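Now for the letters of each chain:
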Amino acid sequence: MNIIKKFSLGLLITLFLTISANADKIKIGTEGAYPPWNSKDASGKLIGFEVELAWALCRYMGKQCVIVEQDWDGMIPALIMRKFDAIMAGMSITAERQKAISFSQGYADEVASLAVMKGSSLEGMDTPAGINLTKPNAAAKKALKTLTAALAGKTVCVQTATIHQNFLDSGDVGKVNVRTYKTQDEVNLDLASGRCDAALAAAVAFSDYAEKSGKPVVLVGPTFSGGAFGNGVGVGIRQDDTELLQAFNKAIDQARKNGDISRIATKWFGFDASM
Amino acid sequence: MITSFPKLLDAAVVTLKLLSLSLFFGLFIGLLFAILRLSKNKIINKFAYGYSYVFRGTPLLVQIFIIYFGLGQIEYFRSTFLWVVFKEPYWCAIIAFALNTGAYTSEILRSAFQTIKPGFIEAGKSLGISNKIIFYKIQIPIAIRQSLPAYGNEIILMMKGTSLASTVTLMDLTGVAKYIISTTFKPIEVFIVAGGIYLFMTFIIHNLIKFLEKKYGYSQ
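If you're matching them up, the sequences are chains A and B in order. Residue numbering for the first sequence follows my numbering, starting at 77 and increasing by one per position. Residue numbering for the second sequence follows my numbering, starting at 1353 and increasing by one per position.
No wet-lab data here; the hints were simulated from the structure. Be a bit skeptical, because a hint or two may be false.
Said to hold, decoys possible - Have a look at the derived ranges for each label pair, beta carbon to beta carbon:
| # | chain 1 | residue 1 | chain 2 | residue 2 | range |
| --- | --- | --- | --- | --- | --- |
| 1 | A | Ala228 | B | Ile1354 | 33 to 43 Å |
| 2 | A | Glu287 | B | Ile1418 | 24 to 34 Å |
| 3 | A | Val144 | B | Gly1547 | 22 to 32 Å |
Said to hold, decoys possible - Here chain A is said to cover these stretches of chain B; the calculated rule only asks that three of the stretch's residues, wherever they fall, bring their Cβ under 8 Å from a Cβ of chain A:
| # | region |
| --- | --- |
| 4 | 1358-1365 |
| 5 | 1417-1431 |
Stated by the list, open to error - Okay, derived cross-link-like pairs now, DSS-like style, lysine-lysine, Cα gap no bigger than 25 Å in a straight line:
| # | chain 1 | residue 1 | chain 2 | residue 2 |
| --- | --- | --- | --- | --- |
| 6 | A | Lys258 | B | Lys1359 |
| 7 | A | Lys194 | A | Lys103 |
| 8 | A | Lys116 | A | Lys251 |
| 9 | A | Lys258 | B | Lys1469 |
| 10 | A | Lys230 | B | Lys1489 |
| 11 | A | Lys217 | A | Lys230 |
| 12 | A | Lys175 | B | Lys1469 |
| 13 | B | Lys1392 | B | Lys1538 |
| 14 | B | Lys1469 | B | Lys1392 |
| 15 | A | Lys258 | B | Lys1439 |
| 16 | A | Lys159 | B | Lys1369 |
| 17 | A | Lys221 | A | Lys251 |
| 18 | A | Lys291 | B | Lys1439 |
| 19 | A | Lys116 | A | Lys288 |
| 20 | A | Lys258 | B | Lys1369 |
| 21 | A | Lys103 | B | Lys1538 |
Just so we're clear, the structure is a prediction, and the values are computed from it rather than from any experiment. Ideal placement from N, C-alpha and C gives every residue a C-beta, glycine not left out.
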């Protein structure tokens, strides 16, 4: 009995010390599977635009940070349950997500695009280079019609719980057969295997995959922004955590002014995706 | 929570379909391999043992990933007629589940065959019944009866195993629960409801097996 008591006391003290040691550190959650936003190198270390940006923002805030990994589909619940304090995971600022969490100002923005394998019947669609869905103009509406006709009955693959899934579910491009995957890696695999007629994600996610795998993945149709695609990518923070929100906003201001965001973005994306 | 309930019930139907089809094919595979395991031919015996060893020795998740994502990567495989079946996540899941449950079922049935008291078979022989009829009319019924409790367990394990179908894009109970969570961000409530539905299905299966055991089982 005595041993058990001593053991539990020891356990409690260890637990307490661990908690207090981490108390003033900001924990940032990321997916580690959405290059070039965030991913892992061969040794399992988290790398990518957001990982590097997170370290920069933490320096501006004068705080110590820990970056932790979290599966994409549990990202927002994990934030709410205090597994970490902030999300930096290529998460676009959308009205739907803002019902559950707050967002800092956007730090980067990047368009979405459909991708197919070379030789697909979806290649060569007559659409503008890019459409904005916030207030779609005549050309954008016409492009959506072209897409609706082209995608009818086709299987389009997306990562689950993303703006890309929301867009396909919204019916803007009619009734497509939406197939959802846990990670973008799996979307890429099934696009290459031919199970998907097309896939929808951040345009850079496909170009990154095409480059690394050597597979003939090509972007088709217009690039998408606005509307269901949200207003840039920001830091997700719990709604009652206003102090941290302000700290992040201030740090983003400073990092932007000093050119840190565009420098890091250019390094990872190959172009300046900062905003 | 209330609005998500009908969606989850619809998804439970998908789960039950996956389960019943996998069990159906799995039972045949299991019976076949149990008989092969009893063969005196060493090669056949080793082959059947190898099958059950591989499928019982690796996680179901790994099996389903190899069958779904793994085979899809092989270009030659995609050009064969098999691709028609393997292109569909639904059939990939059922093939993986059936092969997995088949391996366990073969072990359950094999041990049941081996525990049949020699007296039963000798009694049949002394009556001049042919070996074939002894096998179909005496050994198989007794083996199935004896394996009922263990097989009931396997059904319940398999039912929970079908939740892995959601990893290959199928919208089963777990898949739909995850989808609802991704739009409502309320994991606890939704998973509790989904868990309750799983529990209810277990309850039905458990009682069904208990009923069958009572009806056909031995009273010792």
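Evaluation of the provided hints:
1. A:Ala228 x B:Ile1354: 33 to 43 Å: 34 Å, holds
2. A:Glu287 x B:Ile1418: 24 to 34 Å: 27 Å, holds
3. A:Val144 x B:Gly1547: 22 to 32 Å: Since the Cβ atoms of Val144 (chain A) and Gly1547 (chain B) sit about 26 Å apart, the hinted range of 22 to 32 Å holds.
4. 1358-1365: Violated: only 0 residues of the region 1358-1365 of chain B have a Cβ under 8 Å from chain A.
5. 1417-1431: The restraint on the region 1417-1431 of chain B holds, since 4 of its residues have a Cβ under 8 Å from chain A and three suffice.
6. A:Lys258 x B:Lys1359: 20 Å, holds
7. A:Lys194 x A:Lys103: Since the Cα atoms of Lys194 (chain A) and Lys103 (chain A) sit roughly 42 Å apart, the hinted pair is violated (cutoff 25 Å).
8. A:Lys116 x A:Lys251: Answer violated: Lys116 (chain A) to Lys251 (chain A) is near 35 Å, above 25 Å.
9. A:Lys258 x B:Lys1469: 51 Å, violated
10. A:Lys230 x B:Lys1489: 52 Å, violated
11. A:Lys217 x A:Lys230: Roughly 20 Å between the alpha carbons, so the hint for Lys217 (chain A) and Lys230 (chain A) holds.
12. A:Lys175 x B:Lys1469: 67 Å, violated
13. B:Lys1392 x B:Lys1538: Violated, at roughly 57 Å.
14. B:Lys1469 x B:Lys1392: 19 Å, holds
15. A:Lys258 x B:Lys1439: The hint holds at about 18 Å.
16. A:Lys159 x B:Lys1369: 36 Å, violated
17. A:Lys221 x A:Lys251: 12 Å, holds
18. A:Lys291 x B:Lys1439: 19 Å, holds
19. A:Lys116 x A:Lys288: 14 Å, holds
20. A:Lys258 x B:Lys1369: 23 Å, holds
21. A:Lys103 x B:Lys1538: 21 Å, holds
Checked against the numbered hints listed earlier, the structure breaks hints 4, 7, 8, 9, 10, 12, 13 and 16; every other hint is satisfied.
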